[in-house]
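Novice: Protein chains in written order, with our numbering: chain F, 1 to 354; chain U, 1001 to 1521.
Keep in mind that a hint or two might mislead.
[Unchecked claim] A few chain U residues facing chain F, derived, Cβ under 10 Å: (1) H1195; (2) T1199; (3) K1425; (4) L1458; (5) G1462.
[To be verified] From the derived model, a few chain U residues whose C-beta atoms are all more than 10 Å from chain F: (6) G1088; (7) F1128; (8) R1136; (9) A1137; (10) V1276; (11) V1284; (12) Q1357; (13) D1373; (14) R1429; (15) E1449; (16) E1510.
[To be verified] Only part of the chain F face toward chain U is listed, based on derived beta-carbon distances under 8 Å: (17) Q201; (18) I276; (19) A278.
Simulated from the structure, these hints should not be mistaken for lab results.
All of these numbers come straight from a predicted model, not from anything done at the bench.
Built from N, CA and C at the ideal position, the CB exists for glycine as well.
If you want the building blocks of each chain, they are given just below.
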Amino acid sequence: MTTSPTAQHVARRLTQNAGRYGAVLLRTYGIVLAFLVLVAVVAASSPEFATRTNIFNLFSQWAPAGIMAVAMTFVILAGGFDLSIASGFSLCAVTAAGVGRTEDPAVAFLAALGVGLAIGLVNGVLVEGARINPFITTVGTGFILNGIALVVTGNIAYVVDDPDFGTVGAGRWHGFPYSGMILIFSLVAGGLVLARTVYGQSIYAVGGNAEASRLSGIRVSTTVGSTYVWSGLSMGVAGIIAASQLNSAQANINPNIVFDVITIVVVGGTSLGGGIGAMWRTAVGLGIIAIISNAFSLANINPYYQDIVKGCIIVGALALDVYARRLAGRARTRPRAAAAPAHPDAPPGGGDRG
Amino acid sequence: MSEARTEPEGATDAAATASLALRGRAIHKSFPGVRALHDVDFDLRAGEVHGLVGENGAGKSTFVKIIMGAHAPDLGVVEAFGHEVRHGDPRARRRAGIAAIYQELTIVPEMSAAANVFLGRPQRRGPFVSRSETRRAFRQLTARLGLAIDPDVRAASLSVAHQQMLEIMRALAADHRILIMDEPTASLGPAERAHLYETIRGLREEGVSTVYVSHQLDEVLALCDRVSVMRDGEIVATEPVERWTKDGLVTAMLGHVLLKPPRQPRTIAEQEVLRVEGLSVPGVLDEISFTLRRGEILGLGGLVGAGRTELLRALAGADAGARGRLFVRGRERPWPRTVRSALALGIALAPEERKSQGLVLSLSAAANVSLTDMRSVASGPVLRGRRRLRRAAEIMRPFAFDARRLREPAGSFSGGNQQKLVVAKWLHRRPDVLLMDEFTRGIDVGAKEEMLALVRRLAAEGMSIIIVSSELEELVECADRVLVLARGRLIGELGHADASVERILRLAFEVEERAENGLAT
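So here's chain U without its partners, still in its complex pose:
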């Protein structure tokens, strides 16, 4: 359809076409009322990393699902190494060696890290599962990825980033030749990301082909050999990475040029809402002190494992092991040991994992929103369904959210909408201090902008907010002040004017290096 999709490069290119790992021809897919994919041609060369970008709703996930056989195309053919892969034939996919890594994790929490990696294909000795063999193979994989994960640790006790690493290791363990990665770095910190990039590059050398779906354009530009842009269910351009720039990608994704309004400088009241002195959680956080003012947005920067989530959980009373002194509006209070006691002080947590911690998926969206304060939508003990629905609709109005769907179970919504619900729960209760952990994780560009705008609006209305995000750009852009954590200690504070991704990382990495050198000697 567009000339960008044809390959004009002649002889070398013909050779490449002969060794296509994956090919989709004229794929069409419609859902009632929506044209999800229209005449999509896509090819993945053997040993290339092929980026796939586009706004949410552009059709990326539908396309990935068709490749993985979760959906049948209305028209069109998917081929792997020249052989057609039909819908409803998962064995053919396994034979062809196609594996997908989704942003939602598929870890078995109660099993060990190693057992998770070798799920379904245990390392055997005769008829028995060999633990020593499993550990050995696991250590090989961790070495390949440059990770330090104990093979015997329970998967549930690992951080989200490490759990995701397990998924990637699972695909590597199965020796897959085609990897489909759907937002694999959404929950990873810079260090883990770097490891992942190295791994993907290493796999490319080994001849593994990767389709890399991501919202992170910098990452796509740094990592991929070619990049395809999807918009409205079509692939609008496929180009070698050299021909792309970030602006070019954004323009192709949106179909128009995006102008970002410059950030208004904000004045923040002097009134102190929260003062934390000497917060420690044994083995996790060490003597952390800081203050938070009314209407301030405080960012917590650092690498994965620095203790950011733990700090939020300690403040929210979700971690009973926390010690420290807490002053709320200048008055010392006993450190909250339960979520309810933290709430009584006006401190609330919007947690990291929306499915396992944020929402009750079986309850309706409206019920989830009102869960934080059911009294306000009840007369005495009796719940008022209509009042609850009205209240939820009011809260959700500023979001792009279909109010007619408020009665549907929370589990039926997309990631971005679920994230909105997690935050909306606290708009219903209106705490003085809102702690937001990974508040833009796995949501698309548009929803992300809405979320950032919401955070600013809440702060302007006087709410004090602490945000944690692995997207350091967001912290830098959104926060009035950034505290940098490393290895459970507070190692620096940057004002809005001084904060930059680079400075945060430099601070964090210095500590990491020192710690590693310290360990080495």
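One chain only, chain F, in its complex shape:
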């Protein structure tokens, strides 16, 4: 009994291809799978999780970080980094609350947006105009912004009495928070811009290879600089929402939010090296981080454990991503040779860089 060589060959091809597609699928959508498993586990173990109130609250609670993560996705994809968002966020929140004490909420919100815009412009000009490393630049501007917020407020909370001021943060439509709507709108709009526009394509290009983009006639500095402007504006929006939710704001409102935002982007699978990633990944990353911390509070576990678990998840997610990419890269080189018989000596793993 011998199997014909053709049948053997076909069987081998099939298993190899299955392996390849498995690896590619895992690499591309593994994070979605992780998210779904997480949802199932948390929903099964905690009856309060899958309730309307809880889910809606999550949207409202994570709106500020989520909105800044949308902008951070732009920044990171373009090959940059913005560490000034925590201080920028609190300065915008303080601005909104400070102005809101005496002025109309609309004026207060415009002021906060203006501050955010100014922060973004300064960061963009420093990074691209003066060509200072984005890490250092934004750490520096972060210190400055934090200092300004503390000096101006004396680290005292500004409390707003105008009930209208709370509408953006606490208002709801059929129970769904307005802030959640702003978050969803940002994710969808940001995603469309990245995936479907010339501008979005330029961001991927300059993040992937700035020199090749420049030689192709793309405005590299303008493109990269613009992402910092989005980041600044997102600080404004997030600051408004936070101040409005609390009807007050203080300079040290949430200094750790910068780590939440970066974690959301990175856990989703967007590469810190720039040029590789997507907005849907940020949405999934946001879901994962939000649900994990929600699970902790639902299960009433000491919140300090939460940090340990969050840290493990970041490192684990990155390791899994690297592993899946390597697996897919390796699996891909072989069928590649099959697709182009003229070049069996094409460089292996070339696609792995992508």
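Position chain U against the provided structure of chain F, taking the given hints into account.
Specialist: Quick look at chain U alone, frame taken from chain F:
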């Protein structure tokens, strides 16, 4: 399999077999759907330079990768000095002293030249890295290669040719006894090549064995002791170099005789597209003036470091330090300071380094092609994916390029296909003047012919093209006129009828000698 592979020479030969540096026996390797290597027997004698030639796809790189342990053979054994070297045992390879120099560079750009050479094996004094010792060892190596490279210079600031020299020095520094060189001269100019040949010959005297993979048949014939030809995954012949001729090699590589059609004389319009007057880049280019006509192919000849790449970059607005007067269709324009302003004048650059300058490797092939003019595949700000794919497929049609792969990332393609993409980017935008730097670097014979044919076709369609190539034969064959540069100055102009490799080199070397004598006195 063929009688050419057996060694019929008796006693002296038996002695040689006893001292084989490297031996591959009955190596088979298949990728799904492709037989990459079939029953390959190969031996490398101690102290010989063994040439390995063949078309792209013949299996050379697969073979090299199996020797280097990057691939496992399906069947067969690799031995170094009589000991089997197994796949997945890089230490055994290091012990056996096998080093490979690939055509793609592995330089750490931010480190100094000397640090790159001694990467992983620093020159120590006690537990500390000794800078003076490193410099001294580095200077010894440069002297051995007849080079003048500053040990403290940042590697990224060196020319590609010098970066490659660093790689060769790295292998020499590690005292490797078996060197695998895969197209080591692809980016080197004649002077550097000559130095490299001398080095390889010198190493041969020291007993180092070299496998020399190259597309340059003249070079293989001049340098090697024996030459093996690969075709379709088999070694079809191994002969001492005396028994080979260039034609013989080509015939063995192709399996049939190649006839080159004679070049048609071309008539070029009188219309001047570009006139450059007094172009200078401080320290690099000195008062260069020339004109370019519509549909003309202008070649820039010269040695590495003559300023050819710099001239192209200055014209393309990629070098902000350039000064000079530029006339486009007779009208004077301010010298372009940015790539975008050059593009606005209709001048575009297809750069030298396809991976670092030419392509965004993470983006798809189609996206790369359209990168030069995204508006044309968009409605307003919205990109049209299908239109972009269609457009890219249209542009790539004349090339042998699998259109189904246009969605794959550019990084997944072979060097030749990547080079096609770099050029295709500009076919998408269609500039009036296209500057092509090292446009055939590291691609195989077939792809090279396609590239040359493409250049001629574009010129026939009215595009003016300036080409730079270290393969002077290509310039001579392709260009209507060749400008010769040396040390940043324009030293001669040769029409198509007068241009020959020899004349270009003679012009260039004269200046070099004069400059060196001038320095000596």
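Novice: Does each hint fit the structure? Answer for all of them.
Specialist: Structure-based check of all given hints:
1. The interface hint given for H1195/U is violated, since its Cβ lies 27 Å from the closest Cβ of chain F, which is over the 10 Å cut-off.
2. Because the closest C-beta pair between T1199/U and chain F is about 26 Å apart, greater than 10 Å, the hint is violated.
3. The interface hint given for K1425/U holds, since its Cβ lies 6 Å from the closest Cβ of chain F, which is under the 10 Å cut-off.
4. Given the 10 Å rule on beta carbons, the hint for L1458/U is violated: about 18 Å separates it from the nearest Cβ of chain F.
5. At about 21 Å, the closest approach between the beta carbon of G1462/U and any beta carbon in chain F exceeds 10 Å, and the interface hint on this residue is violated.
6. Non-interface status of G1088/U relative to chain F is upheld: no Cβ of that chain comes within 10 Å, the nearest being about 14 Å off.
7. Taking the minimum C-beta to C-beta distance to chain F, about 29 Å, the non-interface status of F1128/U holds against the 10 Å cut.
8. Against the 10 Å criterion, R1136/U stays outside the reach of chain F, whose nearest CB is about 34 Å from its own CB.
9. At the 10 Å boundary, the C-beta of A1137/U stays outside the reach of chain F, the nearest C-beta of that chain being 32 Å off.
10. At roughly 20 Å from the closest C-beta of chain F, the C-beta of V1276/U stays outside 10 Å, upholding its exclusion from the interface.
11. With a least beta-carbon separation of about 18 Å from chain F, V1284/U lies farther than 10 Å from that chain, consistent with its non-interface assignment.
12. The Cβ of Q1357/U does not lie farther than 10 Å from every Cβ of chain F; its closest approach is about 5 Å, which violates its non-interface assignment.
13. Against the 10 Å criterion, D1373/U falls within the reach of chain F, whose nearest CB is about 8 Å from its own CB.
14. With a minimum CB-CB distance of about 8 Å to chain F, R1429/U fails to clear the 10 Å threshold, and the non-interface call is violated.
15. Here E1449/U stays apart from chain F, with its beta-carbon at least about 14 Å from theirs, past the 10 Å limit.
16. Against chain F, the non-interface label of E1510/U holds: every CB pair exceeds 10 Å, the least being about 34 Å.
17. Interface hint at Q201/F: satisfied, since its Cβ lies 6 Å from the closest Cβ of chain U, which is below the 8 Å cut-off.
18. Given hint, I276/F at the interface with chain U, holds; its Cβ is 5 Å from that chain's nearest Cβ, closer than 8 Å.
19. Proximity of A278/F to chain U is violated relative to the hint, the smallest CB-CB distance being about 12 Å (cut-off 8 Å).
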